[in-house]
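Please construct the entire structure, taking both the sequences and the accompanying hints into account.
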Amino acid sequence: MTYQINKGINRPIEFKGLKAQYIGYLGGGLVALLVLFAILYLIGMAIYLCLLIIAGLGSTLFYKVFGMSHQYGEHGLMKKNARRYLPTYLKFKSRRIFYEKR
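In the working numbering, the protein residues as written are 1 to 102.
It is worth saying that the hints were derived from the structure and are not from the lab. Fair warning: there could be bad hints in the mix.
Claimed, not checked - When the alpha-carbon atoms are kept at most 25 Å apart in a straight line, the in silico SDA-like pairs for lysine to any residue are as follows: (1) K64 to K80; (2) K80 to A20; (3) K64 to Y3; (4) K16 to I39.
Here's what the structure looks like:
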């Protein structure tokens, strides 16, 4: 089975409905789940309990990442995070800055 990843001209990378950076988020989350599974298995937890925990967290990861991809799109999440750094208001003590000609 082969999968096509076609970027096209001026189009974001899209794979199975995931856009742009969300592919990386999903990949990083899956690697973290693999590491968590290894840790749980090494500390002696029952294999069925490990699988149940990882399956629950994995399905939550897929649900959240696909939801963010559809809600925010290619650049929307970055814009949402950047909005935190905008000042709520600007305060000027004089109008001189508006009257200066350059």
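- [ ] May I ask which of the numbered hints given earlier this structure violates, with the numbers listed in increasing order?
- [x] Hint 4 alone not satisfied by this model.
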